[in-house]
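Line by line, the protein sequences are chains A and B.
Be aware that the first sequence starts at 1, since it is given in my numbering, and climbs by one per residue.
Be aware that the second sequence starts at 1, since it is given in my numbering, and climbs by one per residue.
In short, the hints are calculated from the structure, not lab data.
A portion of the hints provided could be inaccurate.
What the hints assert, rightly or not - Across the chosen pairs, the derived CB separations fall in these ranges:
#, chain 1, residue 1, chain 2, residue 2, range
1, A, 224, B, 56, 25 to 31 Å
2, B, 143, A, 324, 50 to 56 Å
3, B, 18, A, 178, 36 to 42 Å
4, A, 225, B, 143, 56 to 62 Å
Claimed, not checked - Listing some non-contacts, in silico: residues in chain B with all C-beta distances to chain A over 12 Å:
#, residue
5, 59
6, 65
7, 102
8, 156
9, 222
To be verified - Reference listing, derived: stretches of chain B covered by chain A, where coverage requires no fewer than 3 residues with Cβ under 8 Å from a Cβ of chain A:
#, stretch
10, 70-78
11, 191-198
The model shown is predicted, which means the values in this text are computed figures rather than measured ones.
All residues carry an ideal CB built from backbone N, CA and C; glycine is no exception.
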Amino acid sequence: MPATGPSQAGQADAHDARPTREWRKTRPRKPGLRLLRGSDNLTAYTFLAPFLIIFVVFLAFPVFYSLYLALHRVPVDSFDIFGGLTFVGFANFAKLFADVKFWWSVLMTLYYAALIIPSGIAASLLLALLLNNRLKAVAAYRSAFFMPYVLDMLVVGIVWTLIYSPHVGVLVRILESVGITAFSEKGFLGMPAWAMPSVVVANVLKGAGFGMILYLSAIQNIPGSLYEAAEIDGATPWQQFRSITLPLVKPITFFMVIIGTIAALNAFVEVYAMTGGGPNVDVGGRALGATWVTGYYVFDTFYTQFKLGYAAAMSYVLLGLTLVVTFVNRRFLRAEEV
Amino acid sequence: MSVGGRTRAGGWKRALVYAGLTAAAVVVLFPFFWMVVTAFKEPGQAFTAEIFPKNPTLENFTRVLTEFGFGRYFVNSVIVATTAALFATLFAALAGYVFAKKDFIGRDKLFGFLLASLMIPGMMYVVPQFAIINKLGWMNSYRAMIVPHLANVFGLFLMRQYMTTIPNELLEAARIDGAGEWQVFRTIMVPLSIPILATLFLLTFQFHWNNFLWQLIVVNIERLYTVPVGLALFRSQHEASYTLIMAGSCISVLPIAAIFFFAQRYFIEGMTMGALKG
């Protein structure tokens, strides 16, 4: 605990530096003068120390160390992966770029993103519009919609697995009662065409409360006079939504696209809980998983196959993709705003 | 359309909005409802047609808690989440204070650098963090689950934003009275930052309670399983015992649901603050 250090430094500061501080008030600050306040720097970095040490060791260093791992062959049986690694250059990356399973996972990740981002935005916006009415009990509904967002994705996935399950799952039963038996045999998660959309539905319903709050506060910031003017001009509610609400909540939409992309590139727990990357589809004679997203492939390579170097290389490509997508999003949406 | 027309349509519109809200709530909450009712069903009755169990039973809960170790997992989760939340909040508060109130070399660059790290996908960290934990000899320990996540950059951002609004005059007054930096922090900043400290404590508690992937990776002895890890591995071994799995699921989400019920304002504001102000 930095209990004594900072307080001593602080006291010294209080005694010696007071005249300096008075003097500084009347003079423009110059960056060079900061050096004179050495004790202030010492205090600041003492307070920062616990945070910075953890940050450097467990967040900053790993990013670089991951690259080191990606450039080495890590023996499967070795646990000491700091020493005795063979440098293999870009071999892991070369292997990765020739790995059909990897490109398939990128494709599945993009598919996942293409499904979950628009449907997540639509669900959030719909809930926000419903809540944007002066009604009693709005607060209770708001809590109900937000609560699933704070709960564990693993549990949500496990519960949905039960709901989606073949023969006996409640959703299959409900559909049977209205004469739809297409899902009875394999269940939603067992059918390649339906597995990914089903994962998306579970996840959208869990997460929509977050976007809802963002959209709600953006909508409530729109001046009512805009809608009144539109109404005088004879605009229908749909036209008002299209030409007033939607453009004015665009910053939120932009944010939702960015975090949705990052979430898709990181997607793991939902797949782990519901499908384990499956069900397999036959693509040109190869069995590939219909929900085999890159995040799950990284986990599988690392945790099941224990290929650390390969997993690290894969995670680096994931980082590259994240940066590219974010950059493109930013350019694209900024350009549109002008 | 006149304003009068809108008022007349009000009754209709209101009924429609209520219907929409209720339908949405049913859809959103259905999985949790189904989880709870299944957990109270007798084993073997998991897939019966009736919605509510005919003979509701607590057997599933008592069995997972005693026979299958969920009691132990629960204690582990409480230990990990509470300790981690305490230290993550403390570290973020200390760092947030100096970023908000101190002028030091490299401040703005460092802050920008820290914020930029939020862009990095979490999957990046898994392999190297595992390597570090392994090298430190921390595998299968509480600290392996806790320490790597104690530098919470988002939390630091929240802290700094909040602490910037605390008037400098208060700090100056305390310093003139002879208070050192630690005393200023402890007697001025901390008491005035209680809402944001509570928010960050709850958010980090929630994060660690749900931090399944990392806990799965660094722990492989049953004595140290947390609830999500125990639940996932229990499911893989007893795939057909759905009433037991649902009881375990209930136990897993109950604490966060209860905290959310009593402190939802902190959750909602804390989680959306970054997006709305940043």
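Taking the hints in turn, this is what the structure says about them:
1. A:224 <-> B:56: 25 to 31 Å: Roughly 50 Å apart at Cβ, these two residues miss the hinted range, so it is violated.
2. B:143 <-> A:324: 50 to 56 Å: violated (36 Å)
3. B:18 <-> A:178: 36 to 42 Å: violated (26 Å)
4. A:225 <-> B:143: 56 to 62 Å: holds (57 Å)
5. 59: Per Cβ check, residue 59 of chain B is outside 12 Å of chain A; nearest 18 Å; holds.
6. 65: Nearest chain A Cβ is 16 Å from residue 65 of chain B, so the label holds.
7. 102: Violated: least Cβ distance 4 Å, not greater than 12 Å.
8. 156: Contrary to the label, residue 156 of chain B does not stay out of reach of chain A, its closest Cβ about 7 Å off (not over 12 Å).
9. 222: holds (18 Å)
10. 70-78: violated (count 0)
11. 191-198: violated (count 0)
The structure fails to meet hints 1, 2, 3, 7, 8, 10 and 11 from the earlier list, while all remaining hints are met.
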